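**Student:** If you want the building blocks of each chain, they are given just below.
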Amino acid sequence: MTRMVISRLLQAIPVLFLVIAVTFFLIRLAPGGPFDNERQLPEQIQQNLLASYNLDAPMHQQFLDYLGNLSKGDFGPSYRYPNRSVTELIRTGLPITLELAFYAIIIALGIGILAGAIAALRPGTLQDYVPMALAMTGICLPAFLLGPLLVLIFGIWLGWLPVSGWGYSPGDKILPSITLGSAYAAYIARLVRGGMLETLSQDYIRTAYAKGLSTTQVVWDHALRGGLIPTIAFLGPALAGLLTGSFVVETIFQIPGLGRFYVQAAFNRDYTMILGTTILLASLIVIMNLLSDLISIWINPKLRDPSRESSNG
Amino acid sequence: MGSSIDFHPAGSVWHDARRRLKRNPLAMIGLAYLIAISLLAILTPWIAPYSYETQNLQLGASAPSADHWLGTDVLGRDLLTRILYGSRVSLMVALAATGVALVIGISWGIFAGFRGGMTDAVMMRIVDILYALPFMIFIILLMVVFGRSIVLLFLAIGMVEWLTMARIVRAQVLHLKQQSFVSAAKVTGLSDLQIMRRHLLPNVVGPVIVYITLTIPGVMLLEAFLSFLGLGIQPPQSSWGVLIAEGVETMEEFPWLLVFPGLVMSATLFALNFLGDGLRDALDPRASMRASK
Amino acid sequence: MFSTPHTVLVPFVLLALAGCDLGPSNIESAPKSQILHLGNGTEPQDLDPHVVTGVTENNIITALLEGLVSENPITLAPEPGIAQSWSVDDSGIRYSFKLRDSARWSNGDPVTAHDFVWSWQRMLSPGLAGEYAYQLFTVKNAEAFNRGDIDNFDEVGVKALDTQTLEVVLENPTPYFLSLLAHYSTFAVHPDTIMAFGKMDQRGSLWTRAGNFVGNGPFVLKAWRLNYVVEVERNPYYWDADRVRLNGIRFYPIDNANTEERMFRTDVLHATSTTPSDKIEVYQDQQPDRIFISPYLGTYFYRFNVTRPPLDDYRVRRALSMTVDREAIVNSVTKGGQLPAFSFTPPNTQGYFPPDPLIQFDPVGARSLLAEAGFPEGQGFPKLTLLYNTSDGHRRIAVAIQQMWKEHLNIEIELENQDWKVYLSRTRDLDYDISRAGWIGDYPDPNTFLDMMLGGGGNNRTGWENPDYDALIRQAATTTDNATRFELFETAESILDAESPLLPIYTYTRVALKHPSLRGWYPNVLDRHPYKYVYIAESDEVQQ
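Protein chains in written order, with the numbering used here: chain X, 230 to 542; chain E, 808 to 1100; chain D, 32 to 575.
This is chain X alone, in the form it adopts within the complex (with noise of 0.2 Å):
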């Protein structure tokens, strides 16, 4: 296990590395830099703005720097908002975007779970089919189609709930992780339900029922276990992936998160920021993915029999 964790964290230099090194370059590739407006500025200001952040300076000259600056920790100053760091940025928005993930995927395991192992005990019947319906309808409504329709009905219609914000009035939190959740609690309950549904079916439940365990202890002890393997499978990236798709929601909502700030990078041509984000979410990914891997190891206890080839994956 140690070394399993040991080696993944080694593993993580090179893939941070060439996140960087790709991002780096590819977005000096796309056209239009950060300074470029609406306005053609004089040739001798454009010079004096790119000279004033190193941009004159040849391109591995500039990566270089970079490097050297990050390795102090120093992820630059943002292009986009002159009077702020990339670290602050990112700083600022990340709690906030942390908090919504975290109640949306609260919500998302929690009724995700519940639906999908409700469902998958009885398949074929009623208890399968609303709350899989539930599921569907849920899927079918895009964070960009549910959130506005939330606010209508509850922000606007009842009046119970503010329609924007975050922390800034009573009740706004509410909306936008149920909004963000909802999505996730879907994919959840298709997946553990189908999921279950394969592991129920296996030779080693069979046995356990055999040897007389009560359907609640099988459920439990072996087949959620085995029914969330792809819903952990599933969730790693999902959650990394949660940082970033929360901007559909942060914009609806109003909410100052990170979100916001990483797909504007790309428009703006925030060079920095772009690079800060991307390795925050290069981290974050690869701390997801060996913590998803790690529970389901934890999970399914075979794999961690020591006599068998490590999954070093």
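Hints are computed from structural coordinates only; laboratory data are not their basis.
Here the structure is a predicted model, which is why all the values come from computation and not from measurement.
Note that beta-carbon positions come from the ideal geometry of N, C-alpha and C, so glycine has one too.
Be aware that a few hints might be false.
[Stated by the list, open to error] Here are some chain E residues pointing at chain D (derived, C-beta under 7 Å): (1) 862; (2) 1037; (3) 1057.
[Unchecked claim] Listed next, with one range per pair, are the computed distances between beta-carbon atoms: (4) E/852 / D/106: 56 to 62 Å; (5) D/185 / X/287: 45 to 51 Å; (6) E/839 / X/385: 39 to 45 Å.
Got chain X sorted already, so can you dock chains E and D onto it with the hints?
**Tutor:** For chains E and D alone, coordinates are given in the frame of chain X:
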């Protein structure tokens, strides 16, 4: 033993599957619906009541009427016609993009999971890198280099969708590798490729089908987003995703512009899911046993 | 086993519990608190008047700083600001400004003429790379200093004769010079504060943060929460503080027009920065007192790339222009009271009216022009591409025009949208056939539009060049008499109409939502609302 099924000649597996599928009413309804909507999509140019691009600016957005059964959009174009034409794009995107995701994702996942060790590590780290690269920049570059094209759209969507597929398949394979029938197969001297094809592939079909049916709505909406950015279809063409995204903007003023495309797309997804579940059950090597239990 | 319906209900129960009482809304409490809540587009890039370039930033900076002149809230005519009076010599080149005694920085320091000299030097420093430095290029030697051709700022035409007197010498007589002084790029900043947080020409130092910012306007910066709100409160040191009625303003950066509209509808905002076009009719029908349409000094138009055949033929360009039904576009697509435009300069730009338009909606005439150019009934016309930057609004207009050309000229046009930066670099490199564009005046004068089309100008972007046109514009730039200038502009503009390198579509309007209790908020062509005249009326006045 579940594995004994796998030693039947391939033909009989498919035959059994077809028989089981036919006995599943929901799956057959789903299949019938999908065939019907595909036929409509194919026949659209001959059956559409109006041209998809003809505008009537004076009319503007109008509610459903005898002339326009599903109403018209803000530029006065017939909504029914636009939904029909949209189905061509959306169904094609769903098919092509998931096709790409399936082929790459499954082979990647099975191979990595089965081989394990260094191969697995390298392959999965590549997946991590692709997850992390900024998608937006990738799209902008694609457009700049290649211009607008529908093939590019399939590629762009397929390229992102296979990643999670690969992870799910690999996780499933790791799980399966511990099962007795795989070790049994190894003992009988089957080659790795044969084990992957005969034993692992059929057993990952379940989660794969579930995941595919899950991603299809996502794929259709991603198409709308990419089209908005300029990568996908170009106006005046339409797709379901584009119609829904536009409909959301005016959901209070002209609700029919959201409701009808939404209903059509939801119905299709329900049908897909019924069929998907049916297929999953039908292809499941152990399905007959569970039924008899 | 759990039953599904209950678990599904949990969030809804939570909803109901949480949603009991939301307290008084921003709007309800405003008449007492005199706090104004404004939707303000995007997050401000910075609040340094010498670094930023946007409208969003302008809205906040004009609350925090004041220039030598301020603007009449209705006519935008220059009014005394930090300068209580000024004079100009007969040549129209030498200005002298008398600063008022009572002008103070928000820390109590007096505002001096030296502060302005220092600030203009800062604005023009090559190191600061201020994008709006060219706003001061009318000042003698300012451009040379900005380019680094001269190092000594004493050679630039701005001097403090004493602490209260500022003298400015221009390159040429510039009739709109006073209007430029109401633009934030010419405002003074507090030198000691800048130096306390960095160098004179340092971009992005921390002096613009809340707590650090020292200004001379009606308000001071109270809080700046990223992507959420910028809060300003009353500045007791402001020279005209007695006139200020608001206690504070909150500027919310809201990217999404629909979100902004919903916030307005639930009484979070007094006014929005824009309105979703499909909502305009609804408000006009149901709450006409809440929709606020003002003419705007800007033109929405298409550019033709005249270096590419067949667009190198003026007859083709005119035929395309004559088949765009602008009435239909403003009435059925944009719906915001925009005016159909047939010339580039908006009508009544400080009293200037473009010549009688040569181009009218005339499909028959257009077809014969196109036939003359060698494409009878559109035959053999190549498939041109119309480039626009990604946006719903631009797309709708483009789709409508695509259809008009197909219907009237029988030609097919392909649409292509690209993100903003790609679009900019493509138009700059003349890598397009037809492209969408918009131009907003920097100052209320026809020159801000017409000098765009000078041959080789950075914003021309059509490849079009005409020596007669250039001569007329340059002559107008050195003419002091307004009537003569306008005649020159008219002649120049008739060349532009005849050659049609541009296809004007409509004159912009600003369509915003505004609560009836918001007073002292007048429509004007630059959408500027000097805050010292603004207040919020009592609630019983609101009831109508």
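**Student:** For this structure, which hints from the list above don't hold up?
**Tutor:** 5
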